[in-house]
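Protein chains in written order, with our numbering: chain A, 5 to 627; chain B, 2 to 176.
Calculated from the structure, these hints are not laboratory results.
There may be inaccurate statements among the hints.
Claimed, not checked - Selected chain A positions facing chain B (in silico; Cβ < 7 Å):
#	residue
1	Y249
2	P294
3	S312
Unchecked claim - Quick list of the computed label-pair ranges, beta carbon to beta carbon:
#	chain 1	residue 1	chain 2	residue 2	range
4	A	E357	B	G137	32 to 42 Å
5	B	D57	A	Q373	47 to 57 Å
6	B	D57	A	A255	27 to 37 Å
7	B	D57	A	D73	26 to 36 Å
8	A	E357	B	D57	24 to 34 Å
9	B	D57	A	E538	55 to 65 Å
10	A	Q211	B	D57	28 to 38 Å
11	B	V123	A	Q211	18 to 28 Å
What the hints assert, rightly or not - Covered by chain A, according to a simulated footprint, are these stretches of chain B (three or more residues, beta-carbon under 8 Å):
#	segment
12	103-115
13	130-138
Since the model is a prediction, treat every value here as computed from it, not as a measurement.
The C-beta atom is built at its ideal place from N, Cα and C for all residues, glycine as well.
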Amino acid sequence: MVLFGLSVLELFELRQLPFPASRTLRTMLGVAAVLYGGTILLNRRREEPGPAETPDVEVTAPPEITGTDLEATLEGIPSVEGVQSGVVPSVRGELRKAATVFLTQYRGLDSEAAWEQVTAGTCTDDQRATGFLTGEGTSLRRRARALVTTGGVTVRNRAVDAVAAIAGVEPGESADRADVALSNDIDGTGTDGLTSGSLDGQHRRSQHRTNHWTGVSVVVLVCLGAGVILREPGVLLAAVVAVGYAAYARATPPGTVALSVTRSVDETDPEPGDEVEVELTLTNEGGFCPDLRVVDGVPESLTVADGSPRSAVTLRAGESTTLSYTVTARPGVHEFGPTLVLARNLSNSAEQEFLLPAPATLTAVHRPQPVEEPVPLRRQPTQYAGRAPTDTGGEGVEFHTVREYQPGDSMTRIDWNRRARTGELTTLEFRRERATRVMLLVDTRTEAYVGHSPRGRDAVERSVEAAQRILPALLTEGHLVGVGAFGPQDCFLAPDTGTSHSQRGRQLLATDPAFREGTDPERNRRYWLRRLRERLPGDTQLLVLSPLLDTRTVEVVRRLEAYGYPVTVLSPDVTTSATSSRRLMRARRRLMMTNLRQVGVPVLDWDPEKPLEELFRRERATQ
Amino acid sequence: MSLWDPDDRIDRSPTLLSSALALAAGVFAVTANVGAPVAALICVLGVLALSAGLLDGRQVVVTAGTGLLVLGSVVGGTQSVPVLATLVGVAAGLLAFDLGSTAVSLGDQLGRETDTTQVELVHATASTLVGGAFVGAGFAIRETVSGGQPLSGVLGLVAAVLLLIAALRRADPVR
Numbered sequence: 005m006v007l008f009g010l011s012v013l014e015l016f017e018l019r020q021l022p023f024p025a026s027r028t029l030r031t032m033l034g035v036a037a038v039l040y041g042g043t044i045l046l047n048r049r050r051e052e053p054g055p056a057e058t059p060d061v062e063v064t065a066p067p068e069i070t071g072t073d074l075e076a077t078l079e080g081i082p083s084v085e086g087v088q089s090g091v092v093p094s095v096r097g098e099l100r101k102a103a104t105v106f107l108t109q110y111r112g113l114d115s116e117a118a119w120e121q122v123t124a125g126t127c128t129d130d131q132r133a134t135g136f137l138t139g140e141g142t143s144l145r146r147r148a149r150a151l152v153t154t155g156g157v158t159v160r161n162r163a164v165d166a167v168a169a170i171a172g173v174e175p176g177e178s179a180d181r182a183d184v185a186l187s188n189d190i191d192g193t194g195t196d197g198l199t200s201g202s203l204d205g206q207h208r209r210s211q212h213r214t215n216h217w218t219g220v221s222v223v224v225l226v227c228l229g230a231g232v233i234l235r236e237p238g239v240l241l242a243a244v245v246a247v248g249y250a251a252y253a254r255a256t257p258p259g260t261v262a263l264s265v266t267r268s269v270d271e272t273d274p275e276p277g278d279e280v281e282v283e284l285t286l287t288n289e290g291g292f293c294p295d296l297r298v299v300d301g302v303p304e305s306l307t308v309a310d311g312s313p314r315s316a317v318t319l320r321a322g323e324s325t326t327l328s329y330t331v332t333a334r335p336g337v338h339e340f341g342p343t344l345v346l347a348r349n350l351s352n353s354a355e356q357e358f359l360l361p362a363p364a365t366l367t368a369v370h371r372p373q374p375v376e377e378p379v380p381l382r383r384q385p386t387q388y389a390g391r392a393p394t395d396t397g398g399e400g401v402e403f404h405t406v407r408e409y410q411p412g413d414s415m416t417r418i419d420w421n422r423r424a425r426t427g428e429l430t431t432l433e434f435r436r437e438r439a440t441r442v443m444l445l446v447d448t449r450t451e452a453y454v455g456h457s458p459r460g461r462d463a464v465e466r467s468v469e470a471a472q473r474i475l476p477a478l479l480t481e482g483h484l485v486g487v488g489a490f491g492p493q494d495c496f497l498a499p500d501t502g503t504s505h506s507q508r509g510r511q512l513l514a515t516d517p518a519f520r521e522g523t524d525p526e527r528n529r530r531y532w533l534r535r536l537r538e539r540l541p542g543d544t545q546l547l548v549l550s551p552l553l554d555t556r557t558v559e560v561v562r563r564l565e566a567y568g569y570p571v572t573v574l575s576p577d578v579t580t581s582a583t584s585s586r587r588l589m590r591a592r593r594r595l596m597m598t599n600l601r602q603v604g605v606p607v608l609d610w611d612p613e614k615p616l617e618e619l620f621r622r623e624r625a626t627q
Numbered sequence: 002m003s004l005w006d007p008d009d010r011i012d013r014s015p016t017l018l019s020s021a022l023a024l025a026a027g028v029f030a031v032t033a034n035v036g037a038p039v040a041a042l043i044c045v046l047g048v049l050a051l052s053a054g055l056l057d058g059r060q061v062v063v064t065a066g067t068g069l070l071v072l073g074s075v076v077g078g079t080q081s082v083p084v085l086a087t088l089v090g091v092a093a094g095l096l097a098f099d100l101g102s103t104a105v106s107l108g109d110q111l112g113r114e115t116d117t118t119q120v121e122l123v124h125a126t127a128s129t130l131v132g133g134a135f136v137g138a139g140f141a142i143r144e145t146v147s148g149g150q151p152l153s154g155v156l157g158l159v160a161a162v163l164l165l166i167a168a169l170r171r172a173d174p175v176r
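Isolated chain B, as found in the complex (with noise of 0.2 Å):
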C-alpha cells in the first residue's frame, strides 16, 4: 500500500510487458510438463506463486515461484516426459525467472509509469534467444551419444562443471 495519496508516489510495481512475458513463459513450462501430471501440478503451483510475486513486487516470491517451474520440470523429467519436453521446461522457468526479477527490478528503480517497452524488449528477445540455443545444444547432444554413454565420463563432466562454477564464483571479474 501507499504512504498517503496514491498519486503523490511512484508506483514501483513491476512492469507489464516483462510481467506478461514472463507468465507467458511460466504457462509455457506447464504445457511442456502436460505428460507427468505431478510435475504439471507442481508447475501450475509455480505460476501462480510467480503471479503473485509480480502482483506485488516481491523478489523472493518471484524466485520461489520459478524455482517450483524448475523443479517441476526436473521432477518431469524422472518420469515420462520426453526429454526435449524436460530441457524445454527448465529452460522457460529460468527464463520466468529472468523476465520476472526483470519486471520487480525495473518496477523497482523507475517505477510502472515510465515507458521500459524498448530495454524489455531488447532484453526479452535475448534471453529467449539464449535459451532456445542451449535447449537445441542440449538436445543434439543427447541426438548424438544417445544410449550407452561410459557413466565413468559422464561423473568426469559433472566433476568437471562442479570444480569450474566454483572457480569462476572465486574469480569474478566484475568484483
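Same shape as in the complex, but just chain A (with noise of 0.2 Å):
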C-alpha cells in the first residue's frame, strides 16, 4: 500500500521514490510480471475443485446388460470333470473349456471325447475360430496379419460365437443389428458415465469459488509487464481494464442466501404407469440473489416425461419461482430427495450449493389381472382341500385307477357294472384334488439386476410383474401362497389364503425394499438359503422366478429339490444375441436350464415380451 501510494505520488511530483529508472530494473520487473502471471496459469487446475457437478434426475440408471463382460460370462459355465483350462486363466482356456462343456451336454460326447475335439480343432467348421481355439493361431505373424485384416478382437469374437452355436445360439437376424451400434458404445462406458441419480445427505451446504476469473490476472501480469518492457502506454493501460474486472470478481461478495422450497405432488397414490404432476416453489427470503441454478430431487427410479425439473432464476427479495414437470409413475415406492440449488453471485466468482430437503413420497402400487391360464405347478398333496389335481387315488372327479374292494370303502365309489359283469368287489379311485402350498420366490441377488437393453426392464422387475399376475391366479385356484426374496434380503411373507392376504402380498411386491437394486446387505450372502429353510413350511412348492444366469441359482434350486420341495422355475430370458460375448452369456444360460431339467426341475423359458399364459398353455401341452 505504502508502495503503490509513493508511486501515484511520483507520478505527480517526480524524483520521490528511492531508486533510480533504470533500464535494467525495468527489464526485470517486467520478466517478473509475466513470470507470475505464467505461474499462475500452471497452478489453476491444482487449486480446489471448480464449480460443482448435477446428477441426471431426469433419467433412471439403466440395468447393467447381461453378458457385457466376456471374462465374467466364462468364468460362470461349470467344468466339467477331467478338463482344466490351464494354469494361469486366460480367455482361450475358459473358452476351451466351455466348449468342452457345451459339447459333452448338447452332442452327447464324453469329457474326454469333447476335450480332443476342442484341442484338435474338430468342434466347429470355422477356421479362424478353430485356429483360435487351438492356439494355432498364435504365432507372431499370423497374428500380426489378423490384426490388419480383421482387427484382432474379431478372431476371439468368431471363437465365443462358435462355442456359443454348440449351445444352438445364433447370432441374431438384423433385427439385432442397430441394437449392436448401441450396445456395444455402453460397453465401453457402462454406467460410470452416469452421475448417481439421487441428492442424498442432509442440509449440505458449501462454499466454493469457481475459478471463473483466475485467467484474468494472468491478464493483467501480462499487460503489465509486456507494457513495461516494450513501453506501450496502450498495452499498460490494458491492464487496468484487466484490474478493473478481477476487482469486479473480488469486490462482488458471495452474499447471504435464504430460501425455502415447497413441492407438491398432485396425487401420491398414483397408478403404475400414471403421469403426475410435480410442482416446486423455491421462495428467496434473503436479499437479491442474481443467479440460482435449482435443480429438484427426482426420485431415482421415476423418469421425467414432461417439463423440466431444473431451472434458473434470479430473484429479488421476497420473490418466488414454481417450476413444474411431470413424472412417469412406476410401480414401487419413491422418494423425493432434496433440492439443490447452486447460488452464484453477480460476477459468478462465488458459488454456494444448497441441498434444501422438501420430502414428499409417491406410491404407485399395481392392481394387477392375474393370469387367466392355470399355473404350472407340481403335482403333490397336503391336507387342505383345494382344486390342484394330485397323483394320488382316492375322492375327485378325474378317473385314476381301480383297485381291489376294501372294508370301509363308500359304496358310491364301488364300480357297481364289473360287479354286475363278473361278480368282482372292486373301488374306483379319482384323482384326488387337493390344495397346495406355493411360495413365490423371487431373485434379488445382485446378479439378478440385470437386462437386455438400457432402456428396458431387469430382471427382478420382469419377476415381480409376473409374481403379481400369478399370485392372484394361485389363490383363486384355491392353493395358499406366498411371497418371499430368493436372496439375502430378509423378506417372506408365509403361505395363507383370503383377501386381506392377497393385499398384503401384492402390497409387499410392489413395495419391498428387497425387490430393489442395491437392497442386498453384505452380511447375509452366505446364510439366507438356511434361515428361507428355517421358515418354509414343509409339503411347499416353490415357484422360483429368477433370469438363470449363474451356477449359484442353479445349485440353490437343486438344494431346495433335494430338501423336498418341488421346485418349478420361472424364468424371464433376459439374455441377448445383440455381441458375441452376450451370445456366449445365452448359451450359459440355456446350458443352467439343461442343467436344471435333467434333474427333474421344470424350467418355463419366458421371453419377457410374450404373455405368461401363451407360455403356461405351451408348458401343459408338453406335460
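Put the complex together from the two separate chains, hints included.
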C-alpha cells in the first residue's frame, strides 16, 4: 500500500521514490510480472474444485446388460470333470473349457472326447475360430496379419460365437443390428457415464470459488509486463481493464442466501404408468440473488416425462418461482430427494451449494391382471381341500385307477358295473384334488439386476411383474400362496389364503425394498438359504422366478429340490444376441436350464415380450 | 456424443444466448484490431477457437480462444492501433471469456433445454457495464497523464500491483 501511494505521488511529483528508473529494473520487473502470470496459469488446475456438478435426475440408471463382460461370462460356465483351463486363466483356456462343457451337454460326447475335439480343432467348421481355440493362430506373423485384416478382437469373437453355436445360440438377425451399435457404445462406458441420480445427504452446504476469473490475473500481469518492457502505453493501460474485472470479481460478495422450497405432488398414490405432476416453489427469503441454478431431487427410480426439474432464475428479495414437471410413475415407493440449489454471485466468482429438503413420497401399486391360464405347478398333496389334481387316488372327479375293494370303502365308489359283469368287488379311485402350498420366490440377488437393453426393465422387475399376476391366480385356484425373496434380503410372507392376504402379498411385491437394486445386505450372503429353509413350512412347493444366469441359482434350486420342496423355475429371458459375448451368456443360460431339467426341475423359459398365458398353455401341452 | 438415445439424456452443451453474446464480443475484439493485420489475424483465430469450444462445450478450448483474443489485442497495442482500440479489444476478449464460460457452466449444470435467459441477461449486462466502465477509466488516465510520465512512477505502480495480486491470492475471503 505504501509503495502504491508513493508511486501515485511519483506520477505527479518527480523524484520521490528512492530508486532510479533504470533500464535493467524495468526489464526485471516486466519479466517478473510475466513469469508470475505464467505460474498462476500453470497452477490454476491444482487449485480447489471448480463449479459443482449436477446429477441427471431426469433419467433412471439403466440396468446392467447381461453378458457384457466376456471374462465374467466365461467364468460362470461350470467345468466338467477332467478338463483344466490351464494354470493361468486365459480367455482361450476358459473358452476351450466352455466348448467342452457344451459339447458334452448338447452333442452327447463324454468329456474326454469333447476335450479332444476342442484341442484338435474339429468341433466347429469355422477355420479362424478353430485357430483361436487350438492356439495355432498365435504365431506372431499370423497375429499381426489378423490384426491388420480383422482388427484382432474379431477372431476371438468368432471363436466365442462358434462356442455359443454348439449350444444352439446363433447370431441374431438383422433386427439385432441396430442394437449392436447401441450396445457397443455402452460396453465401453458402462454406467460410469451417469452421475448417480440421488442427492442424498442432509442439508449440505458448501461455498467455494468457481475459478471463473482466475485467468484475469494472468491477463493483468502479462499486460503489465509486456507494457513495461515494450514501453507501450496502450498495453500498459489494458492492464487497467483487466484489473477492473479482477476487482469486480473480488468486490462482489458471495452473499447470504436464504431460500425455502415447497413441493406439491398432485397424486401421491397413482397407478403405475400414470403421469404425476410435480410443482416446486422456491422462495427467496434473503436479499437479491442474481443467479440461482435449481435441480429438483427427482427419485432415482422415476423418469421425467414432460417439463424440466431444472431451472435458472434471478430472484429479488421475497420473490418466488415455480417449476413444474411430470413424472411417469413406476411400480414401487419413490421418495423425492432434496432440491439442489447452486447460488452464484453477480460476477460468477463464488458459488454456494444448498440441499433443501422437501419430502414427498409417491407410492404406485399395481392392480395386476391375474394370469388367465392355470399355473403349471408340480403335482403334490397336502391335507387341505382344493382344486389342484394330485397323483394320489381317492375321492375326486377325474378317473385315476381301479383297485380291489377294501372294507370301509364308500358304497358310492364301488364299480357296480364290474360287480354285475364279473362278480368282483372293486373300488374306483379318482384323482384326489388338493390344495397346494406355493411359495413365490423372486431372485433378488445382485446378479439378477440385469436387463437386455439399457432402456428395458431388469430381470427382477420382470419377475415381480409375473409374480404379481401369478399370486391372485393361484389364490383363486384355492392354493395357499406365500411370497419371498430368493436372496439375502429379509422378505418373507408365509403361505396363506384370503383377501387380506392377497392384498398383503401384492403390497409386499410392490413396495418391499428387497425388490429394489442395491438392498442386498452383505452379511447375509452366505446364510440366507438356511434362514429361508427354516421359515419354509413343509409340504410347500416353490415357484422360483429367476433370470437363471449363474451356477449359484442352479445349485440353490437343486438343494431345495433335494430338501423335498418341489421346485418350478419361471425364468424371464433377459439375454440378447447382440454381441458375441452376449451370445455366450445366452448359451450359458441355456446350459443352466438344461442342468436343472436334468434333475427333474421344470424350467419355464419366458420371453418377457410374450404373455405368461401363452407360456403356461405351451407348458401344459408338453406335460 | 451422447451415451445412447439422444432423447434419453440431458443435452449439456453450452446455452445459446451466452454463446452468441460471447461470439459477438469476440467479433468486436477483431474489429477493434482491424488496424494491425497480425493482431486481427490472431483475434480471428481466437474467434474460431472460441466457437469450436462453444460447439462441444469444452472450457479449455473456450479459455484458449479468448486468450488468443486478448493476446491479439496486446499485439495490436504494440503496433499502430490506437490506445482506445487496444483497451476495447482486451475488454472484449475478457468479456468473451466471461460469457463463454458462463455458457459452458450453465450448460454443464442445467443443460441447454432449461430456460436460462434471465440469469444470462443479468450476468451479461453486469459484465459489459464493468468492462465499459474500466475502458473509460483507462482512457481517462491516458488523457490526463498523456506524455512524459516518469518511468520510475510507472514502475513503482507495476510493483505495487504485483504485490497486491499476490496478497489477494493469499488472503482469499471465500476460502
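To see whether the hints hold, each was checked on the structure:
A distance limit of 7 Å between C-beta atoms decides the matter here; for Y249 (chain A) the minimum to chain B is near 5 Å, and the interface restraint holds. The closest approach between the C-beta of P294 (chain A) and any C-beta of chain B is roughly 5 Å, which is under the 7 Å cut-off, so the hint is satisfied. At a threshold of 7 Å, the smallest CB-CB gap from S312 (chain A) to chain B is about 6 Å, leaving the interface hint in force. Between E357 (chain A) and G137 (chain B), the C-beta spacing of about 36 Å keeps the proposed range 32 to 42 Å intact.
Distance hint for D57 (chain B) and Q373 (chain A): a CB-CB separation of about 48 Å, consistent with the stated range 47 to 57 Å. Here the CB-CB span from D57 (chain B) to A255 (chain A) is close to 34 Å, well matched to the stated 27 to 37 Å. Separated by about 30 Å at the C-beta atoms, D57 (chain B) and D73 (chain A) satisfy the suggested range of 26 to 36 Å. In this structure, E357 (chain A) and D57 (chain B) meet the distance hint of 24 to 34 Å, their C-beta atoms being roughly 26 Å apart.
At roughly 59 Å, the beta carbons of D57 (chain B) and E538 (chain A) sit within the given window of 55 to 65 Å. With their beta carbons about 30 Å apart, Q211 (chain A) and D57 (chain B) fall inside the hinted range of 28 to 38 Å. For V123 (chain B) and Q211 (chain A), the Cβ-Cβ distance of about 21 Å falls inside the hinted range of 18 to 28 Å, so the restraint holds. Beta-carbon proximity to chain A at under 8 Å applies to 9 residues in the segment 103-115 of chain B; the threshold of 3 is reached and the given coverage holds.
As drawn, the segment 130-138 of chain B meets chain A at 6 residues by the rule of a beta-carbon pair under 8 Å; at three or more, the given contact holds.
Checked against the numbered hints above, the structure breaks none of them.
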